[in-house]
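Asks: Just so you know, the sequences run in chain order B and Y.
Under the numbering used here, think of the first position of the first sequence as -19, with each following residue one higher.
Under the numbering used here, think of the first position of the second sequence as 5, with each following residue one higher.
Keep in mind that the hints are not guaranteed to be accurate.
[What the hints assert, rightly or not] Dumping the calculated DSSO-like pairs for lysine-lysine here, alpha-carbon to alpha-carbon at most 27 Å:
1) Lys(-16)(B) with Lys153(B)
2) Lys(-9)(B) with Lys153(B)
3) Lys131(Y) with Lys153(B)
4) Lys(-9)(B) with Lys178(Y)
[As the list claims (entries may be wrong)] Which chain Y residues face chain B? A few, computed with CB under 8 Å, are given here:
5) Tyr18
6) Asp59
7) Val65
8) Tyr67
9) Leu68
10) Val79
11) Phe84
12) Gln93
13) Phe102
14) Ser104
15) His109
16) Arg110
17) Glu246
18) His249
19) Asp250
20) His251
[Unchecked claim] Not close to chain Y: a few residues of chain B, all C-beta gaps over 12 Å, as computed:
21) Leu(-13)
22) Val(-11)
23) Tyr(-2)
Since the hints were derived computationally from the structure, they do not count as laboratory data.
Remember, predicted model here, so these are calculated numbers, not experimental data.
Even glycine gets a Cβ: it sits at the ideal position worked out from N, Cα and C.
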Amino acid sequence: MNLKRILAVVKARNREFYRDKAGLGWNIFMPAVMVLGLAFIFSSPEENLYKVGLLGGATDTQSTPFLDTRHIRFIAQNNEAAAIEKLRYHRIDLLLDLRAQPRYWLNELSPKSYIVERLLLQSYSNPSPPIKRESVSGRPVRYVDWVLPGVLAMNVMFSSLWGVGWVIVRYRKNGVLRRLRATPLRAGEFLVAQIISRLLVVTLVTLIVFAGTNALLDFPMRGSYPALGLVFLSGAIALVSLGLTVSARVRSEELADGLLNLISWPMMILSGVWFSLEGTNPWAQRIADFLPLTHMVDAARRIMLDGAGLLDVALEVSILLSIGVVLLTLSARAFRWQ
Amino acid sequence: MPALIEVDNLVKDYPGVRAVDGVSFSVDAGSCFGLLGPNGAGKTTTLEILEGITDADGGRVLYLGAPRDEAYREVVGIQFQTTAMQDFQSVHEALQLFASLYSRHRPLGELIELCNLGELLERDTRKLSGGQRQRLLLAIALVNDPELVFLDEPTTGLDPQSRRNFWQLIEGIKQEGKTILLTTHYMEEASVLCDEIAVIDRGQIIEQGAPEHLLARHFPRALIRIPLHALSDPANLPPGFEARHDHAVAASDDIELTLSSLRQQSVALDELHISTPTLDDLFLKLTGHGLRES
């Protein structure tokens, strides 16, 4: 590895990025606009599908007709403390315990929680239903607070995948790679340069988006900043490596675009960025465990919302770095200049 | 003069076609060697194998008598037929980038002067004209002060003035003692620049030598043309002449003798045209329609 050559390519790639004003604007403002848009959208109760946790499992529906209500999914919960956490983080909209002493918990900050409570109380003929009301305790979490770590992670994903994968295919197609190959630059040096360049871009853009949206939304950041940085960095390494793997031999920009979409859309849906996978098909949850975005989102949420530190997210960071090392090895072996 | 690069029985196959079929030649240090041939003849593939961009399926390439190693890339400069730069960079930045990729490089100021890039240094590489772009690509090919320079159809697409300006640049490089290996299908370019040429067709070299020797080998000294309408009896051509389209044409090694013969037959010489054969004529003779039919 020749550091001088690597730095020369890093510099050229960075220049290409920051001088492309349209691309730069898109990279910074798109995620910020997305976060603000979500904050606006989820401030009004528009959804018609609710999730209610049910402690102790199914009960006689005749005695509690609420369980027959349409458009509500009832999800069995075994652990009361864990279920309350889910309610606090908007993963369920209400928690219900219909056993010996019926009671329910709601999240006062959740519009959906409010609606489901209305439905629950209306299902009783008795104006004073024999069920006790409880609110989740602890620090409040708005939906936008819950979704923001996912949006930041998703931005890292898009920037990493397209910023490396698509660009390399473009270089291959228009002959830039061929020209570089004619120099002493080695494939490994070129790949390392692409990774360094993209990690710098991802870091800078994430910092700007984080600071900008925080100024507007004042979201919680209860954990360790170094831990959050490490999570995004290791996630970016995993996803840049995934982008390199996709682009190792592809010559068509259209094919590269299709492959990157094929990878990113399932990740966006299954990694719990927008909504919890609570109560969904177990297969979907199993697949999600293999996706780097899942680990990045989970770790970032635990840091920002639960105050987790470096050691608390060590597992996720290890998984992300392992994915990165495996994919980087694969891509380096598969890489073709032409 | 020792051979800088030797090519021995080179073969390259692509699905359904043998692009290079047993090509052998050597290039002396300090000379300019031209590969000539029609489109698809195998010139670029041969050049790419020599550049180390494409692997051959057979044969060998020796540099200074030995197989090429990693250091080879440090001593060769390449100007591809078509190439793209990374976006959003100026001419000066492009030169700096490529200079950084070599363990040693020529002073950029010297290179800028050699390739006449002084007024273009801050210009975006995407906004260069064809001639300016070729000058930049030549400068990049020379940035490591190479011993051997590959130029793949360096003036294709340039207007005649830009082409002649580019030839002057290459003449300058030749005077520095660089060895040049170029492909072209401009015969004038080959005759101006090359000390030796190889005519390649269907992946094989069909003729090779110094341009003047090849012309002497294949043609008489002069071609004499008379329009048919200038003859009193076009059906009865003067001795040694044959009809080609609307002209009577004769090849002659003794122009005086041919002209005397025409005067004796009272042929009007007002519209007579005498020309010496060029590489264009050689190219057509060697790779023309008749050859393909055979």
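Asks: State for each hint whether it applies.
Replies: Structure-based check of all given hints:
{"no.": "1", "hint": "Lys(-16)(B) with Lys153(B)", "verdict": "holds (26 Å)"}
{"no.": "2", "hint": "Lys(-9)(B) with Lys153(B)", "verdict": "holds (21 Å)"}
{"no.": "3", "hint": "Lys131(Y) with Lys153(B)", "verdict": "holds (20 Å)"}
{"no.": "4", "hint": "Lys(-9)(B) with Lys178(Y)", "verdict": "violated (34 Å)"}
{"no.": "5", "hint": "Tyr18", "verdict": "violated (13 Å)"}
{"no.": "6", "hint": "Asp59", "verdict": "violated (11 Å)"}
{"no.": "7", "hint": "Val65", "verdict": "violated (15 Å)"}
{"no.": "8", "hint": "Tyr67", "verdict": "violated (15 Å)"}
{"no.": "9", "hint": "Leu68", "verdict": "violated (18 Å)"}
{"no.": "10", "hint": "Val79", "verdict": "violated (10 Å)"}
{"no.": "11", "hint": "Phe84", "verdict": "holds (7 Å)"}
{"no.": "12", "hint": "Gln93", "verdict": "holds (6 Å)"}
{"no.": "13", "hint": "Phe102", "verdict": "holds (7 Å)"}
{"no.": "14", "hint": "Ser104", "verdict": "holds (3 Å)"}
{"no.": "15", "hint": "His109", "verdict": "violated (11 Å)"}
{"no.": "16", "hint": "Arg110", "verdict": "violated (14 Å)"}
{"no.": "17", "hint": "Glu246", "verdict": "violated (48 Å)"}
{"no.": "18", "hint": "His249", "verdict": "violated (42 Å)"}
{"no.": "19", "hint": "Asp250", "verdict": "violated (46 Å)"}
{"no.": "20", "hint": "His251", "verdict": "violated (45 Å)"}
{"no.": "21", "hint": "Leu(-13)", "verdict": "violated (8 Å)"}
{"no.": "22", "hint": "Val(-11)", "verdict": "violated (8 Å)"}
{"no.": "23", "hint": "Tyr(-2)", "verdict": "violated (8 Å)"}
The structure shown violates the earlier hints numbered 4, 5, 6, 7, 8, 9, 10, 15, 16, 17, 18, 19, 20, 21, 22 and 23.
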